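These protein sequence lines are chains A and B, in that order.
The opening position of the first sequence corresponds to residue 142 in the numbering used here, with each subsequent residue numbered one higher.
The opening position of the second sequence corresponds to residue -4 in the numbering used here, with each subsequent residue numbered one higher.
These are calculated hints, taken from the structure and not from any lab test.
Keep in mind that the hints are not guaranteed to be accurate.
[Stated by the list, open to error] Facing chain B, according to a computed beta carbon distance under 7 Å, are these residues of chain A, among others: (1) I188; (2) A220; (3) M243; (4) A244; (5) L285; (6) L292; (7) L299; (8) A302; (9) G312; (10) W344.
Computed from a predicted structure; not experimentally measured.
Every residue, glycine too, gets a C-beta built ideally from N, C-alpha and C.
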Amino acid sequence: MRSLCSFAAIFLLPIVAVAHIGSPNIILEGRCGAHPVRVVIRPPPVIPGIAEISIKVEGPGIRRVTALPVFWQTGKKGAPPPDVAKLIPGETNRYSAELWLMAPGAYSVHVRVEADDGAGEVIVPVNAVATIRRDMPVAMGIILSTMGILLFLLAVRLTGAAFSQALMEPGASPTPGARVAAWVGGGLALLVIAGGVTGGKLWWDQVDRDYRNNRLYKPVPVTADVRTEREVDVLRLHVDNSGRNGRFWTPLIPDHGKLMHLFLLREPEQDIFAHLHPVQRNSTTFECVVPPVPPGRYAIIADVTHESGFAQTLTAEVEVKQPGSLLAYSLPRTNSVASAKGTPADPFCSTPVANVANTNWYMAPDPDDSWHIGKQAASPAAGARDAMKSCPLDGGFTMIWEAGAPLAVGREVSLKVRVLAPDGSPAKLEPYIGMFGHAAVRRDDGKVFAHLHPVGTISMASQHAFEKREQQAASTKVAGGAVSNTPAMATPKPHAQGLAESAAFPYEFPQPGAYRIWVQVKVAGRPLTGVFDAKAW
Amino acid sequence: MQPTATALSSAPPAARDSAVAAVPWHCIVVVIGAACIPIGVLWDISWHSTVGRDTFWTAAHIMIQLGGIVPGLACGWLAFKTTFFGTEAERAASVSILGARAPLGAWVTIWGALAMVTSAPFDDWWHNAYGLDVQIISPPHALLAVGMFGVALGCLLLVLAWQNRSEGAARARLALLFTLMTGVMITMNAVFITEESFPNQHRGLVFYIAAMLQFLPMVVLVSRASSLRWPATVAALAYMGIMCGMIWVLPLFEATPKLAPVYRQVTHMVPPAFPILLVVPALAIDLVMRFWPATLRRDLSGSLLRPFAAGWWKEWILAAALGAVFLALLLTVQWHFSAFLMSDAADNWFFARDGKWPYFVPQGNWTNEFWKRGNVNLSAPLLIVAFCVSVFAARWGLWLGQWMLRVRR
Chain A
142 MRSLCSFAAI FLLPIVAVAH IGSPNIILEG RCGAHPVRVV IRPPPVIPGI
192 AEISIKVEGP GIRRVTALPV FWQTGKKGAP PPDVAKLIPG ETNRYSAELW
242 LMAPGAYSVH VRVEADDGAG EVIVPVNAVA TIRRDMPVAM GIILSTMGIL
292 LFLLAVRLTG AAFSQALMEP GASPTPGARV AAWVGGGLAL LVIAGGVTGG
342 KLWWDQVDRD YRNNRLYKPV PVTADVRTER EVDVLRLHVD NSGRNGRFWT
392 PLIPDHGKLM HLFLLREPEQ DIFAHLHPVQ RNSTTFECVV PPVPPGRYAI
442 IADVTHESGF AQTLTAEVEV KQPGSLLAYS LPRTNSVASA KGTPADPFCS
492 TPVANVANTN WYMAPDPDDS WHIGKQAASP AAGARDAMKS CPLDGGFTMI
542 WEAGAPLAVG REVSLKVRVL APDGSPAKLE PYIGMFGHAA VRRDDGKVFA
592 HLHPVGTISM ASQHAFEKRE QQAASTKVAG GAVSNTPAMA TPKPHAQGLA
642 ESAAFPYEFP QPGAYRIWVQ VKVAGRPLTG VFDAKAW
Chain B
-4 MQPTATALSS APPAARDSAV AAVPWHCIVV VIGAACIPIG VLWDISWHST
46 VGRDTFWTAA HIMIQLGGIV PGLACGWLAF KTTFFGTEAE RAASVSILGA
96 RAPLGAWVTI WGALAMVTSA PFDDWWHNAY GLDVQIISPP HALLAVGMFG
146 VALGCLLLVL AWQNRSEGAA RARLALLFTL MTGVMITMNA VFITEESFPN
196 QHRGLVFYIA AMLQFLPMVV LVSRASSLRW PATVAALAYM GIMCGMIWVL
246 PLFEATPKLA PVYRQVTHMV PPAFPILLVV PALAIDLVMR FWPATLRRDL
296 SGSLLRPFAA GWWKEWILAA ALGAVFLALL LTVQWHFSAF LMSDAADNWF
346 FARDGKWPYF VPQGNWTNEF WKRGNVNLSA PLLIVAFCVS VFAARWGLWL
396 GQWMLRVRR
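With the rest of the complex left out, here is chain B:
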């Protein structure tokens, strides 16, 4: 059985007259640039957890800014070139906004970069009004996060459009780039729910709801829209690879706190918590997508904006299956893996049990216990709630994947 993306892309040659044979330079640049965002954010969180004291010009901040500036400038150049000096094919494969032309992904990237730029003075004022970085998630940080998400989504769409117009080896390379970019976005989503996803919270409802909303749509959409054979698995591995890379590299650098109160004598850069084992449910998603019975597959050429078009229920059946599989595997794996992550066996450089706690976190047994406060313990009725959320999340991912299959510009 063929991946759906490939099936849809094998359209008549007339529809692929602008197919390209090579991966364009700007696709590589924007993906590398966008990858700077989650890496910079993880680095910045580590900096705040280790040193505490920062300025606008710390290396981590610069990396985040590069994550907005590099793709933003590359896409700005692409828009300028397409508008004023573009070839007929380039202009044909672009979207017009107020007369200016660029691929949709470039416009979204520019939008994201503008949002990131806007968040900077807003955040500066916020610090003056309410204090320096009291919370990870604040309105200006949310605007920054939306901007980062916009940049990443734009890069994803830019690569996606090229993938959908390409064939052969170039298509395979672009599919890999698209899938890796999805992994970058999954990492960003994982960072966004950091405060809800410590291993101590993996036996509570909040974590599973957060994971369902942040991860499930991503693995489902990439599984549908990418031309790779195992896209969700590769994207999950990319996410886990970035996280593990940060866990293993950051503690190699010595650093000490420069802010009081210091509750832990930190001596090296603090790594993030070990990632969830997303690869397991992601592999299952790929398997379900690959081996889903043809009789239950909906014709994906129908209207995107007509939710009850013919065969609509088939997508919901598929979403229910994907949601159930994802929830069951995530719950099974993390229920036990989180206990391991808090055991003595995980107190090492590889899993960073104790190493991940910032200098400002008081010591105590609570760091290696499942938290009760602010956490809703899972029960049968709540599992039904979690399942319902998973079905809607999967359906959302399927719809996004269906839309992505059609993006041509």
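Isolated chain A, as found in the complex:
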């Protein structure tokens, strides 16, 4: 048995990136009709597999909650009847169900709430891909090996008997010839069964190889370099879509107007953070202007969403050798003093200024690019509860994280932040790239990363792609004479509007460890980044 040669405990390869790194669970905060909902989906690690969905519904008069996984290629018309979510015992407003995800690829889970005041539906995008390869538990390996040996020996013995005892007249004693036949028969059986077991092992290896090479999701490989093109420092990413990678590299759709959201993090200090938006030069090449960050080795983490609704996170590394040429065209620092080592001692947030467009540069930076320099440690807010952490921001602003209870692994938390103006008064948050806030969560070893919004961990581009597809299908049906009974979608608007007092990011820390959290908001017309350290237990 395979387990004989792999008596290892359950060994899980690091969970790879599929729209986030090592953070497979999906959280969405939205509305179904008049009812706010929080949906948590825990996808299976292998496909086909069963996902768990938990739906928390606010408000009275709930009659029925359903969940329906829809495969992107077939749409709702290719979906079975929805599953009715059951109220979790002991809970008053939290429902759960199982979602069977049978094909690898993008799914949209349609969560529908039927209440006294009407019905509403929200779409939750889910990537269904195999993310781990398991080895057999030791105990099971021992049991199966024992049974295998028993069956093997018994089969050999029975085959021997089939050529000797079984052929004798009842009551007859075994003759020397019968004994020889038993040995010959048993020997032949041993050879045949050993051959069968060897063939089975080879077959298993082939299945495992196929799983690892073709079915197990692996991030599409990306290489990155920084080069100077006509006096402009350009960060270039090249996606390797050769071989099997081509299956995972299909046309992209924009998320809040950007085809790619790229995070640049200096390693290992994690003291420099940039949120950039490269442009696509061709199907596999992306470029952006390097921000004026200090030299060093940087981790690149880039989020993209494909037309199918499949979202993935690409990773690479790059060496930056000199501060970028963008320095002269960035917002000046307003309250920073450079340290002797050349790294600002206090936080410094910046973004390209408008007059970049008036240069002869090879390419212009995205106006929504922003970067943050400084390793300030968040401290308990002055005069506030210990649970609150404050982080000084550029320009004298302060970000407050109302941390609340300790961060427990596998439990939903809401990372809520607000900003104080230099005079201590609450500052209003403006929409930044379509949202009131963006957060990036990363464990210190880089094995966990998530890009969060106030709506949760989902790719909103994916959500809107699904929504649009369903609406098109419904309108086609209606045009064809059929009656559409699709309830009005109540997904969040693609772009936040107005001003907000605070931003909250729902999340579930997947693994214990030390995390750094960057929270980006826009205040007084400029993006500001707050940095917090936290431990999840």
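For chain A, the structure is supplied; the task is to place chain B on it using the hints.
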């Protein structure tokens, strides 16, 4: 001309001192129990094709488990009783394994049941490691299939031993039971090659090789070892009867898919594909076996493990004739019948042309066309390959039949 089984069984009375007059209860129980296996498997495939979503406790799974549990327990009881409370005759007609006594068939059945039990946790782990039932044929399913085959073979041998020790009416009844059990095993083999035997593949080499390996040895062995007059024909009819029964009964029950993606709006349980017309070549096998010239018949009392004993070539001549007849008739019948099965005339409840496709199979003309992909078109050189395979398959069946003629315990 007499069937060979009868000829060999008409041995001196001294050799039949343990002959029995009635069919023992456990023979009937194990055959009925073993029949649950292919019926349960066909039901389970239909469930996966229609509903998709399953648990360990679906009715189809329970039926398969019963197919292992009932014969396994019956044979376990037989072993216990023979070992500790058996009569002299019962102990004399048993095989000793580590001191415990039971007929060979009972031991093989117990072995098969153990293999089936072992496959359950293995399959559960496999689902967790590689996904829920990605393929019909996977290593744990293969172990399950080997276990099922072991149970069925054990039941066959149990009945066979009784047939070979019996006379008169009891022998006839046991021969019928043995032949029907062979039909059950043929059905199991047919299920095993489901993915290679859709009508769309009946003009390709792969199907004929698979059919030759799975069906030809079975019809040849039963034709030689059973005491019935037309054993291969009856066994083939049993196989076709089980398959047709499933085709006609399953769609009577309403069911809808519960898994996405749904490419076909299935409303009733999906039946299997129409069986191959095995009865035609099986009848020919019976005829060849019955009317084969006496001068070309080998003395079957020689050693089983000496392939070149006197007259060895006679068996190969017979195998060549059986293989050629089987291949020629199967090819002729299925070449045309498969075209009919894909025509509009077969789009009904009887032949289930369109009804047999699962919910997850995309629609299109390809379902009613002969498939080219993954299929090797037949040509003269490949027909020679198929013929060679048929000869070896028939020879294997003859050897098994010869061995079965001698099983006494």
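Tested hints:
With a least beta-carbon distance of about 5 Å to chain B, the hint placing A/I188 at the interface is held under the 7 Å criterion. At about 5 Å, the closest approach between the beta carbon of A/A220 and any beta carbon in chain B falls short of 7 Å, and the interface hint on this residue holds. Checking A/M243 against chain B by beta carbon gives a least distance of about 5 Å; that is within 7 Å, so the hint holds. Restraint check, A/A244 versus chain B: the minimum CB separation of about 6 Å is within 7 Å; hint holds.
Here the hint on A/L285 is kept, as its CB sits about 6 Å from the closest CB of chain B, short of 7 Å. The interface hint given for A/L292 holds, since its Cβ lies 6 Å from the closest Cβ of chain B, which is under the 7 Å cut-off. For A/L299, the suggested interface contact is upheld, since its CB lies about 5 Å from the closest CB of chain B, less than 7 Å. Hint on A/A302 holds. Least Cβ distance to chain B is approximately 5 Å, under the 7 Å limit.
Here the hint on A/G312 is kept, as its CB sits about 4 Å from the closest CB of chain B, short of 7 Å. The beta carbon of A/W344 comes within 6 Å of a beta carbon in chain B, closer than 7 Å, and the hint placing it at the interface holds.
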